[in-house]
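Visitor: Please model the entire structure based on the sequences and the hints provided.
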Amino acid sequence: MTLTQAEKAAVVTIWAKVATQADAIGAESLERLFSSYPQTKTYFPHFDLSQGSAQLRAHGSKVMNAIGEAVKNIDDIRGTLAKLSELHAYILRVDPVNFRLLSHCILCSVAARYPSDFTPEAHAAWDKFLSSVSSVLTEKYR
Amino acid sequence: MVLSASDKTNVKGVFSKIGGHAEEYGAETLERMFAAYPQTKTYFPHFDLSHGSAQIKAHGKKVAAALVEAVNHIDDIAGALSKLSDLHAQKLRVDPVNFKLLGHCFLVVMAIHHPSVLTPEVHASLDKFLCAVGSVLTAKYR
Chain C
1 MTLTQAEKAA VVTIWAKVAT QADAIGAESL ERLFSSYPQT KTYFPHFDLS QGSAQLRAHG
61 SKVMNAIGEA VKNIDDIRGT LAKLSELHAY ILRVDPVNFR LLSHCILCSV AARYPSDFTP
121 EAHAAWDKFL SSVSSVLTEK YR
Chain X
1 MVLSASDKTN VKGVFSKIGG HAEEYGAETL ERMFAAYPQT KTYFPHFDLS HGSAQIKAHG
61 KKVAAALVEA VNHIDDIAGA LSKLSDLHAQ KLRVDPVNFK LLGHCFLVVM AIHHPSVLTP
121 EVHASLDKFL CAVGSVLTAK YR
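Each protein sequence line maps, in turn, to chains C and X. So in full-length UniProt numbering, spot 129 of the first sequence is number 129, and the numbers just go up one at a time. So in full-length UniProt numbering, spot 70 of the second sequence is number 70, and the numbers just go up one at a time.
Any given hint might turn out to be false.
[What the hints assert, rightly or not] What follows is a list of derived Cβ distance ranges for each label pair:
hint: 1; chain 1: X; residue 1: 131; chain 2: C; residue 2: 115; range: 28 to 38 angstroms
hint: 2; chain 1: C; residue 1: 36; chain 2: X; residue 2: 131; range: 21 to 31 angstroms
hint: 3; chain 1: X; residue 1: 140; chain 2: C; residue 2: 12; range: 18 to 28 angstroms
hint: 4; chain 1: X; residue 1: 48; chain 2: C; residue 2: 114; range: 44 to 54 angstroms
hint: 5; chain 1: X; residue 1: 5; chain 2: C; residue 2: 95; range: 22 to 32 angstroms
hint: 6; chain 1: C; residue 1: 117; chain 2: X; residue 2: 37; range: 33 to 43 angstroms
hint: 7; chain 1: C; residue 1: 108; chain 2: X; residue 2: 62; range: 39 to 49 angstroms
hint: 8; chain 1: X; residue 1: 93; chain 2: C; residue 2: 12; range: 27 to 37 angstroms
hint: 9; chain 1: C; residue 1: 69; chain 2: X; residue 2: 1; range: 18 to 28 angstroms
hint: 10; chain 1: C; residue 1: 62; chain 2: X; residue 2: 120; range: 33 to 43 angstroms
hint: 11; chain 1: X; residue 1: 42; chain 2: C; residue 2: 58; range: 41 to 51 angstroms
[Claimed, not checked] Lysine to aspartate or glutamate pairs mimicking EDC-like chemistry, simulated, CA-CA at most 20 angstroms apart:
hint: 12; chain 1: C; residue 1: 140; chain 2: X; residue 2: 121
hint: 13; chain 1: X; residue 1: 41; chain 2: X; residue 2: 28
hint: 14; chain 1: X; residue 1: 140; chain 2: C; residue 2: 139
hint: 15; chain 1: X; residue 1: 128; chain 2: C; residue 2: 86
hint: 16; chain 1: C; residue 1: 140; chain 2: X; residue 2: 76
hint: 17; chain 1: X; residue 1: 140; chain 2: C; residue 2: 121
hint: 18; chain 1: X; residue 1: 100; chain 2: C; residue 2: 139
[Claimed, not checked] Negatives, chain X to chain C, calculated, CB over 12 angstroms:
hint: 19; residue: 16
hint: 20; residue: 46
hint: 21; residue: 50
hint: 22; residue: 58
hint: 23; residue: 84
hint: 24; residue: 108
hint: 25; residue: 118
Keep in mind that the hints were calculated from the coordinates and are not lab data. Glycine included, C-beta positions come from ideal geometry on N, C-alpha and C.
Guide: Structure (structure tokens):
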């Protein structure tokens with residue numbers, strides 16, 4: 001799927017706001033993921049998953065940084081996330097189903113913090129964008 | 001996802017073995033899908049879905065022809081199926097989930113009729129190919 005100009009603009013605009021709270025949003029998204037979908041915790045046996053844990057915050061940051069990179073290079077998400085794509089393909093091997101769950105949680109966190117910005121159009125654009133990111137991260141699995 | 005050279009060779013090999021049976025397999029795929037996944041019948045309220053129905057045969061032929069077309073243009077599936085992609089996006093709007101079900105049933109049909117052809121490697125290539133076709137057909141949905 002390709003993002004239209006309007007969609008790219010919506011993603012970039014909202015990102016400008018999200019970026020100011022990226023770490024918190026990242027940690028919150030993971031918390032939401034682990035509580036709504038406990039099966040996702042199996043990928044983190046080595047983590048302290050309690051609320052406010054340093055590992056959660058650090059990992060949330062990593063996730064949001066990667067998303068930020070994808071936003072900045074929105075015309076070449078594949079190139080930008082190539083290394084991450086390989087990491088997921090050869091080492092992490094997170095089941096593709098889970099990307100949708102994480103994307104959903106990120107959208108919920110963003111919606112909760114920016115209710116008036118998160119119009120239906122912005123929601124759709126962000127969903128498409130996160131789907132693109134997820135596709136790139138799972139495309140080298142086989 | 002990207003089809004490797006050996007994927008393409010495998011898929012072409014499968015379809016050359018199928019030869020003239022493609023239409024028959026198309027119909028069987030649909031019958032299996034309607035039987036195993038009755039929710040898929042909702043897209044065909046106007047069809048006679050009984051075993052051996054002329055409409056299923058005709059539709060199976062269409063599906064098979066599209067797959068053959070994709071195989072013949074395996075380096076540019078998006079180009080080859082562009083019109084079909086528009087049709088699915090603007091009119092049919094089959095939920096993307098169902099392409100997986102159809103693909104699965106096609107693989108089952110292949111396994112039944114050509115068990116020796118469907119080695120694990122060929123199975124994987126064919127599955128990748130069917131996913132790629134499904135992606136193309138749903139690419140323009142939004």
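Visitor: Enumerate the violated hints, using their earlier numbering and listing them in ascending order.
Guide: Hints that this structure does not satisfy do not exist here, as all of them hold.
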